[in-house]
Amino acid sequence: MFFSLDLLAQALVTGILIGGVFALLSVGLTLIWGVMRIINFAHGEFLMVGMYIVYFLVANQGWDPYVTLLVSVPALFVVGVAIFRLTIQPILAHSTMNQIMLTLGLSLILQNLALVFFKADPLIVQTAYSRVTFSLGPAVVRVPQLIAFGGSGLAAVLLYWFLQKTDAGRAIRAASQNREAAVLMGVDVQRTFLLAFGIGSACLGVAASLMVPFFYTSPTIGLWFGQVAFIVVVLGGMGNFIGALVGGQIIGLTEAFGAAILPGSLSRVFTFAIFILVLLFRPQGLFGGSRR
Amino acid sequence: MSLLQVSRLTRHFGGLTAVNDLSFSIDEGEIVGLIGPNGAGKTTIFNLISGFIVPSSGDVTFNGKPLKDLKPHQVCQLGLTRTFQVVQPFPDMTALENVMMGAFVRHANPVQARDKARQVLERVNMSHKADTLGRDLTLMELKRLEVGKALATEPHLLLLDEVASGLNTVEIEEMLALVRQLNQEGITLLVVEHVMKVIMSLSHRIVVLDFGEKIAEGTPEEVAHNPAVLEAYLGEEETHA
Amino acid sequence: MNKYTIVFLAILLVVLFLLPLVAGEYLLHMAVLVLLYAYLATAWNILGGYAGQHSLGHGVFLGIGAYVSTFLFIQWRITPWLGMWVGGAVSALVGWFIGYVCFRYGLKGPYFALVTIALAEAFVYLTSNLAFIGGAKGLEVTWLGHRPDMMEFDGKSGYYYIILIMAILGVIITRWMYQRRPGYQWIAVRENEDAAEALGVDTLRAKIEATALSALMTAIGGTFYAQYFTYIGPRSVFGEGPSIQILLFAIIGGLGTVWGPAVGALVLVPIAELARAKLGGSFGGAHLLLYGAVMVLVMLFMPKGIIGVAQNALSRLMRRQPDSAQSAKEAA
Chain D
469 MFFSLDLLAQ
479 ALVTGILIGG
489 VFALLSVGLT
499 LIWGVMRIIN
509 FAHGEFLMVG
519 MYIVYFLVAN
529 QGWDPYVTLL
539 VSVPALFVVG
549 VAIFRLTIQP
559 ILAHSTMNQI
569 MLTLGLSLIL
579 QNLALVFFKA
589 DPLIVQTAYS
599 RVTFSLGPAV
609 VRVPQLIAFG
619 GSGLAAVLLY
629 WFLQKTDAGR
639 AIRAASQNRE
649 AAVLMGVDVQ
659 RTFLLAFGIG
669 SACLGVAASL
679 MVPFFYTSPT
689 IGLWFGQVAF
699 IVVVLGGMGN
709 FIGALVGGQI
719 IGLTEAFGAA
729 ILPGSLSRVF
739 TFAIFILVLL
749 FRPQGLFGGS
759 RR
Chain L
22 MSLLQVSRLT
32 RHFGGLTAVN
42 DLSFSIDEGE
52 IVGLIGPNGA
62 GKTTIFNLIS
72 GFIVPSSGDV
82 TFNGKPLKDL
92 KPHQVCQLGL
102 TRTFQVVQPF
112 PDMTALENVM
122 MGAFVRHANP
132 VQARDKARQV
142 LERVNMSHKA
152 DTLGRDLTLM
162 ELKRLEVGKA
172 LATEPHLLLL
182 DEVASGLNTV
192 EIEEMLALVR
202 QLNQEGITLL
212 VVEHVMKVIM
222 SLSHRIVVLD
232 FGEKIAEGTP
242 EEVAHNPAVL
252 EAYLGEEETH
262 A
Chain P
1008 MNKYTIVFLA
1018 ILLVVLFLLP
1028 LVAGEYLLHM
1038 AVLVLLYAYL
1048 ATAWNILGGY
1058 AGQHSLGHGV
1068 FLGIGAYVST
1078 FLFIQWRITP
1088 WLGMWVGGAV
1098 SALVGWFIGY
1108 VCFRYGLKGP
1118 YFALVTIALA
1128 EAFVYLTSNL
1138 AFIGGAKGLE
1148 VTWLGHRPDM
1158 MEFDGKSGYY
1168 YIILIMAILG
1178 VIITRWMYQR
1188 RPGYQWIAVR
1198 ENEDAAEALG
1208 VDTLRAKIEA
1218 TALSALMTAI
1228 GGTFYAQYFT
1238 YIGPRSVFGE
1248 GPSIQILLFA
1258 IIGGLGTVWG
1268 PAVGALVLVP
1278 IAELARAKLG
1288 GSFGGAHLLL
1298 YGAVMVLVML
1308 FMPKGIIGVA
1318 QNALSRLMRR
1328 QPDSAQSAKE
1338 AA
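Just so you know, the sequences run in chain order D, L and P. Here the first sequence stands for residues 469 to 760, where the numbers follow my numbering. Here the second sequence stands for residues 22 to 262, where the numbers follow my numbering. Here the third sequence stands for residues 1008 to 1339, where the numbers follow my numbering.
Here chain D stands alone, though its shape is the one from the complex (with noise of 0.2 Å):
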């Protein structure tokens, strides 16, 4: 272990970078669970189905991998909505625990589905940006990764118009604060809560076409960030948004840190040392109101 200026500040740029995409998978979670109180285990795969659509495109079709956007993102959507309606939307009455489970049991066929078409190989695919790299002091830039926290950072911003100025958007906030008072105010619950499933999905799109210049694909990376999300979420506050980009950078920058610092697989406990300490000393998270 020794820490050399070029090795952090190599961290430090991976980390920012990392964290944008961090950030941008946490937030379709953040707005499930903060408006429907569901905590969908199956986020991660998901965003696995995602990049294998994209994968597809890219490598089979010989697609621009940023173009896919026109594909995964409603594509996505309607597989949110699906799957919401058909098995998510008639135990929301049940207790969480038994949502847990279903996400679960998702989120398992999801993945083993996966493995019976693809095996367990992990895909790579080269694109015309996959090498391209420019310097920046001592840090190397890898120019898809720097895509992909700017299209996190857009896709964010737009999240975030349609949220505050949309009256769709408002709908899913006032939802979410209140679910009473959202009903007596006219707002049908039921759509607001279908549209907050799928937007939370098409996110998960975005990052899909963000992702695979720069990563692999394969039937089990839904399971590392499913967890990423669960705990960018935790740390930033069930619902927040705010707190899903803040906590993504954090999260960004703890993984790149413990990568650099220690080896091998022990890298992630410092992120999971923050998530169990948030857990028991903050968990409504950083942003999160006292409302626990």
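Check before you lean on any hint, since a few could be wrong.
[Unchecked claim] With a straight-line Cα cutoff of 30 Å, these simulated BS3-like cross-link-like pairs (lysine-lysine) come out: (1) P:Lys1144 with P:Lys1285; (2) L:Lys150 with P:Lys1010; (3) P:Lys1285 with P:Lys1163; (4) D:Lys587 with P:Lys1144; (5) L:Lys89 with P:Lys1285.
[Said to hold, decoys possible] Partial chain D-side listing against chain P, Cβ under 10 Å, derived: (6) Val546; (7) Val547; (8) Thr555; (9) Leu578; (10) Gln579; (11) Asn580; (12) Gln695; (13) Phe698; (14) Ile729; (15) Leu730; (16) Ala741; (17) Pro751; (18) Leu754.
[To be verified] Have a look at the derived ranges for each label pair, beta carbon to beta carbon: (19) L:His33 with P:Leu1137: 48 to 54 Å; (20) L:Asn59 with D:Glu648: 16 to 22 Å; (21) D:Asp589 with P:Trp1083: 58 to 64 Å; (22) P:Leu1089 with D:Trp692: 51 to 57 Å.
Source of the hints: derived by calculation from the structure; they are not laboratory data. Yeah, the Cβ is synthetic: ideal placement off N, Cα and C, and Gly gets one too.
Dock chains L and P against chain D, hints included.
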């Protein structure tokens, strides 16, 4: 020495003071009524006394023992049991099992606890529903069950939170009779009630609250004629009883 | 327990004890798996079904039991018969500690579940990186030949009888607790924690004790796991596989009932093993896919589990008689 001594009890919730410098005492064998308009802080006081909330300042002493740092289950074990305004049954347990939970405080042996529970069910007129699940009982039955659960803990002091709310006239009479009987058997009671008739006929003494403060204390007669009380309930009118 | 149940159980016991005399190796292997998971699910149920705190990372305790006894075995030839109690004690302590830290701070439901998942994952990473307990490669239980005193047997019968007795004891312990104050208190905590507190139940202690007991029992199962499969690795014991399977059987069978977990294991393990046998070669995740599908379907259509469905059917049958009403306790 009083059985229960509340001294300068205060509780803030952020900027709101729910209970302010409240002092009163309850003697052995009394039935003391606690009344006040909505939001006066009555349930908060119950929560403070029984250990569900910690006071911001002030003391509560029961049988000479301070209750401030105790958890609710410890308060119950000392002999002070409370009921809940919104009934809190165990939905998937039978009425008998519900009451057994109370009996378990004094009887670790399940056979003894069950016997005790049967006796209590008899007292609150629920024997015929012993094997009915909590989720299948009517409101009146749940109210009686609530009293039964508390009774099974063999309390010295029983805190009843709005036992009469939601009941019709006949049911109220039954509840009143039960409470009086319990008192005759030696249980001291602190009763919160909205229904004026109930509290006036039941209590030996009444403490009146408004905005978390005590505004009057005395016999039902005295309290009924107290101008401050009338004003709190009726507004700025001058009323003659 | 009425006459019919006693007779039924007696017959069942006889069948189970005589099974190795008639069954082939494969059937015995299946039986061991069913009993192992029935046992583990029953142990989980103490915390999850009774006290109502759903741990999604119970593999932690399985792994601790497995690693402790195996380490003692490999390093110092300490018999697993002893090692399992050491592992159990360590696990109970860890469980006690986790319970204290979590419940002291009021963590409930999903948040507690998340902590257990994070903990299990943390243990995977931890053990993968500690060389002295095998790192990512895990540990292999050295084969010393047919040594019952070291919990190693030729063939499957020896293992079968051990796990059969463990499973029976597990059910007996559960039922015993269920009928006494601790069991009632756990159920009360699950159904209405505030009401339980108000009636003198030390809810914090109840939850912690349930955690510790569940941890102890699970860890002992972990020792058996290690001895039977002769290999343990970070993912295989601490990973989500065992954790999910354990809770799945308890939930499918029926939470908070004495027989639910065993029934769940009995129904699902054979199906899953058959799936793995038929498709496993080309597709290692067949049984997980099945579990996922079952979980979704059960949550949608029979959230109270198999026992719940059976209870409903039974009570509808009994409603034709004057005194009806089966309680959550009586029918199980």
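**Study point:** Those earlier numbered hints the structure runs against, lowest number first
**Key:** Failing hints, ascending: 5, 6, 7, 14, 18, 21 and 22.
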